[in-house]
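Next come the chains, spelled out residue by residue.
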Amino acid sequence: MPMQPEEIERLIKASLPDAEVDIQDVAGDGDHYAATVISEAFRGKTRVQQHQMVYTALQGNMGGALHALALQTKVPDSKPAQ
Amino acid sequence: MSEQDVQSWIKDQVTANDVVLFMKGTKEFPQCGFSGRVAQILAYLGVNYRDINVLADQSVRDGIKVYANWPTIPQLYIKGEFVGGADIVSEMFQSGDLQTMLTEKGVPTNKTHKVA
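As they're listed, the protein sequences go chains A and B.
Sequential numbering from 1 applies to the first sequence in my numbering.
Sequential numbering from 1 applies to the second sequence in my numbering.
Keep in mind that a hint or two might mislead.
As the list claims (entries may be wrong) - Computed list of lysine-lysine pairs in DSBU-like fashion (alpha-carbon distance at most 30 Å, straight line):
(1) K111/B with K13/A
(2) K79/B with K74/A
(3) K105/B with K74/A
(4) K13/A with K105/B
(5) K105/B with K45/A
(6) K74/A with K24/B
(7) K79/B with K13/A
The set of hints was computed from the structure by calculation and includes no laboratory data.
Bound conformation, chain A alone:
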């Protein structure tokens, strides 16, 4: 069953309270999303670690209920983290 963007945002913010979350329904089918997540918690983390933090926030829905979530993570006021 597809997830609503509000639910995705809620789960991410529950785990990363300061996060700025922008979610686009890229295919318009409620199943393929692109998300940009900006959080201070990402500072000093590798890209892999940053994405893992978001996946952890999604509590196992990634790869399950959430088929496709193109993810971009950033630290506030900076270029995409290294």
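Chain A is already provided as a structure; the job is to place chain B on it using the hints.
What follows is chain B alone, placed relative to chain A:
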């Protein structure tokens, strides 16, 4: 394969091969757009890599998610290190970080910049 056998089999693959891509389908016939995107980037860079089709073995498909604590396919490994999935690999390719990483780890590409 048992769960433990799968984990050690995966470790063997990513250790024995410089570059390994766990993907849906094969490098010739990717069966998912995300897997195809990474295969295309590696082909463009002329990287020699081992492709492992997770659709051919359910235990590998499940096991690879545990191995890197990463919930999705594709997964790219360079010299045994998990580099990322389609988003991270695309981002690193566009910024040139992927090319730098391959060069630093001694993996030949056809895009290696010669220092004058």
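Now for the hints, and whether the structure bears them out:
Distance restraint check for K111/B and K13/A: the Cα-Cα separation of roughly 41 Å exceeds the 30 Å cut-off, and the hinted pair is therefore not satisfied. With a C-alpha separation of about 26 Å, the suggested pairing of K79/B with K74/A holds against the 30 Å cut-off. The straight-line distance between the Cα atoms of K105/B and K74/A is roughly 26 Å, inside the 30 Å bound, and the hint therefore holds. In summary, the hint linking K13/A to K105/B is not supported, as the alpha carbons are separated by about 37 Å, beyond the 30 Å threshold.
A distance of roughly 21 Å separates the Cα atoms of K105/B and K45/A; the hinted pair therefore holds under the 30 Å criterion. This hinted pair checks out: K74/A and K24/B have alpha carbons roughly 28 Å apart, not beyond 30 Å. A distance of roughly 35 Å separates the Cα atoms of K79/B and K13/A; the hinted pair therefore is violated under the 30 Å criterion.
In terms of the numbered hints stated before, the structure departs from hints 1, 4 and 7, listed from lowest to highest.
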